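Visitor: Listed below are the residues making up each chain.
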Amino acid sequence: EAGVAQSPRYKIIEKRQSVAFWCNPISGHATLYWYQQILGQGPKLLIQFQNNGVVDDSQLPKDRFSAERLKGVDSTLKIQPAKLEDSAVYLCASSSNTFPPLGGYEQYFGPGTRLTVT
Amino acid sequence: DQQVKQNSPSLSVQEGRISILNCDYTNSMFDYFLWYKKYPAEGPTFLISISSIKDKNEDGRFTVFLNKSAKHLSLHIVPSQPGDSAVYFCAVTPGLGGGTSYGKLTFGQGTILTVHP
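Chains A and B, in that order, are what the protein sequence lines are.
When you read off a place in the first sequence, starting at 1, and then add 158, the result is the number in our numbering.
Counting from 1, position 34 in the second sequence corresponds to residue 27 in our numbering; the numbering is continuous, with no gaps.
Hint data in this document are derived by calculation from the structure and do not stem from the laboratory.
A few of these clues could be false.
[As the list claims (entries may be wrong)] Each computed DSS-like pair below joins lysine-lysine, with the alpha-carbon atoms no more than 30 angstroms apart:
1. LYS64/B to LYS49/B
2. LYS229/A to LYS202/A
3. LYS61/B to LYS49/B
4. LYS30/B to LYS236/A
5. LYS49/B to LYS30/B
6. LYS169/A to LYS241/A
7. LYS220/A to LYS(-2)/B
8. LYS61/B to LYS(-2)/B
9. LYS30/B to LYS64/B
10. LYS30/B to LYS61/B
11. LYS173/A to LYS202/A
12. LYS30/B to LYS169/A
13. LYS241/A to LYS220/A
14. LYS202/A to LYS64/B
15. LYS(-2)/B to LYS202/A
16. LYS30/B to LYS47/B
17. LYS30/B to LYS(-2)/B
18. LYS202/A to LYS49/B
19. LYS30/B to LYS202/A
20. LYS61/B to LYS202/A
21. LYS202/A to LYS220/A
22. LYS(-2)/B to LYS241/A
23. LYS202/A to LYS47/B
Values in this document were obtained by computation on a predicted structure and should not be read as measured data.
Produce the entire structure from the sequences given, and follow the hints as far as they go.
Guide: Shown next as structure tokens:
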């Protein structure tokens, strides 16, 4: 089974520029998540999709961040304009809709995109 | 307001000995608890989990213990191996009783484990 795919793996941009990240979840996983992980911290949820609808975007800085999941499969996360404090690893994760007792709450992560804003 | 805390930034252990990683949470609504392992330049990998109806779950060398009254969980690795060297994150979720927050994971800040040969 193929895992979560993300691209690019690394990106360096100047502040005020824009950037976009792409994610393809595990086949059949209805729920997709975008996380931001700043160095020395745990991943922080930015947005959660169920199919192509947004479930939770309460932590997404909507003045500069946007995300979409057209057709309920792959997703893009965009930052425009970028700030220095956006330097982080952006992780995409997906999960099935099988919850206890049939399953758990495990999310499966991609390798992440390391963004450096200079 | 940190709902999940891993108070030890790092832990160093000799190969073959036990590694114990700790995690504290503040909200009793959390119903399901997970541990993830992360190697450099990779995404976190799911390791083991436990439901609030249990106090122990074991999978090979890995055992997770949950103390609900103390709002504390721990991960034991026995015996520790050099390949276990990684960052370990605990994560919590309210489960299905959390309304629209079901499935949402809140992570601790991680503990760097180093296992010396």
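Visitor: Look at each hint and say if it fits the structure.
Guide: Tested hints:
no., hint, verdict
1, LYS64/B to LYS49/B, "14 angstroms, holds"
2, LYS229/A to LYS202/A, "25 angstroms, holds"
3, LYS61/B to LYS49/B, "11 angstroms, holds"
4, LYS30/B to LYS236/A, "27 angstroms, holds"
5, LYS49/B to LYS30/B, "19 angstroms, holds"
6, LYS169/A to LYS241/A, "14 angstroms, holds"
7, LYS220/A to LYS(-2)/B, "27 angstroms, holds"
8, LYS61/B to LYS(-2)/B, "15 angstroms, holds"
9, LYS30/B to LYS64/B, "21 angstroms, holds"
10, LYS30/B to LYS61/B, "23 angstroms, holds"
11, LYS173/A to LYS202/A, "22 angstroms, holds"
12, LYS30/B to LYS169/A, "24 angstroms, holds"
13, LYS241/A to LYS220/A, "14 angstroms, holds"
14, LYS202/A to LYS64/B, "21 angstroms, holds"
15, LYS(-2)/B to LYS202/A, "14 angstroms, holds"
16, LYS30/B to LYS47/B, "22 angstroms, holds"
17, LYS30/B to LYS(-2)/B, "16 angstroms, holds"
18, LYS202/A to LYS49/B, "27 angstroms, holds"
19, LYS30/B to LYS202/A, "16 angstroms, holds"
20, LYS61/B to LYS202/A, "24 angstroms, holds"
21, LYS202/A to LYS220/A, "15 angstroms, holds"
22, LYS(-2)/B to LYS241/A, "28 angstroms, holds"
23, LYS202/A to LYS47/B, "27 angstroms, holds"
The structure agrees with every numbered hint stated previously.
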